[in-house]
Amino acid sequence: MYIVKVPGINGLKTNGCERAGNAILKSLKEEIFSNEEGKAIEFGKLDLEEIHLDNSNLELTNKLIYENSFETFEQHPKTVFLGGDHSISYSIIRAFLDYCQNSGKNPRLIMFDAHADALESADKKFPNNRGWLRSLINDGFPVKNILLVGVRNLGGSEGDFLKQKGIKIISINQLNENLVDVCDSIMEFSNSKELYVSIDIDVIDSAFAPSTAYPEPGGLTSRQFIYLIQRINKIKNLKALDLTEINGQKDKGRDNMTIKLGAKILSELI
245 MYIVKVPGIN GLKTNGCERA GNAILKSLKE EIFSNEEGKA IEFGKLDLEE IHLDNSNLEL
305 TNKLIYENSF ETFEQHPKTV FLGGDHSISY SIIRAFLDYC QNSGKNPRLI MFDAHADALE
365 SADKKFPNNR GWLRSLINDG FPVKNILLVG VRNLGGSEGD FLKQKGIKII SINQLNENLV
425 DVCDSIMEFS NSKELYVSID IDVIDSAFAP STAYPEPGGL TSRQFIYLIQ RINKIKNLKA
485 LDLTEINGQK DKGRDNMTIK LGAKILSELI
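So in the numbering used here, spot 181 of the sequence shown is number 425, and the numbers just go up one at a time.
For the record, the hints were derived by calculation from the structure and aren't laboratory data. Think of the CB as a built atom: it goes at the ideal place given N, C-alpha and C, for glycine as much as any other residue. Honestly, I wouldn't trust all of these hints.
Below, a list of computed lysine-lysine pairs in the DSSO-like style, where the Cα atoms sit at most 27 Å apart [claimed, not checked]:
id, residue 1, residue 2
1, 273, 283
2, 349, 322
3, 368, 257
Just the calculated beta-carbon pair ranges, DEER-fashion [stated by the list, open to error]:
id, residue 1, residue 2, range
4, 321, 300, 40 to 46 Å
5, 277, 366, 24 to 30 Å
6, 286, 366, 43 to 49 Å
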């Protein structure tokens, strides 16, 4: 397992997310001894890396994320990227798309998020954490290969944009009605394609993941999400995942609940 810390932030209310990678790994090392399959977490054997970033220079930040991610896709069979806020996903997935095109593979993107991140971004070149998906689609990521899961609060023109582009969405209600069947549909969507999974922790209900930039009520329980991740981790063509929007600064006084959940999710991917 290759784990890359990507401490990038480019959004409102996300200061503090840049420290999440270190906090998650500390929790994994000190508090989680095995995953739910009983596999011991041998922290010393994990392959850890960090993309060192200067968040005051968005051009350099995005260049470094893209270049390091592209190299990672070429060299490693499966990678977890630890954010940072969700803006990091733009350059990582741009690299993923180029890697797939260069290697003749068919990319698939599944995004777990309470928001669609498809707002108009003031900076088209370096989109923020609430507009990166729109920019990625406008840059040519194939829309039929995108699946949004758990979106429950659309803003501005996001709904019209998603409908116009024909983006597939699995709602929270669908997940609650039959989690197993929906998970089967996700597996079918991913079948035989090179898969990237992008996770904003706010897809999980704020009762379980309070320390994030835009907490939303009415989301998945932590138990439901762990089940989904356990199933997704069995997909043979799973190339990479990112985990974003965890804010450790907000977790103080809350028993580090959100950080611990991030470490728990990570442990199920090892």
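request  = Measure nothing beyond the straight line between the CA atoms of residue 349 and residue 322; if it is 27 Å or shorter, mark the hint as holding.
outcome  = 15 Å, holds
message = Is 43 to 49 Å respected by the C-beta to C-beta distance linking residue 286 and residue 366?
response = Check passed, 45 Å falls within 43 to 49 Å.
inquiry  = Next pair to validate is residue 368 with residue 257; report whether the Cα-Cα distance is within 27 Å.
reply    = 20 Å, holds
query = Does the hinted range 40 to 46 Å hold for residue 321 and residue 300 at CB?
reply = 34 Å, violated
request  = Could you tell me whether the CB distance from residue 277 to residue 366 stays inside 24 to 30 Å?
outcome  = 45 Å, violated
request  = Verify the proposed pairing of residue 273 with residue 283, using a straight-line Cα cut of 27 Å.
outcome  = Holds, at about 14 Å.
Checked against the numbered hints given earlier, the structure breaks hints 4 and 5 and satisfies all the rest.
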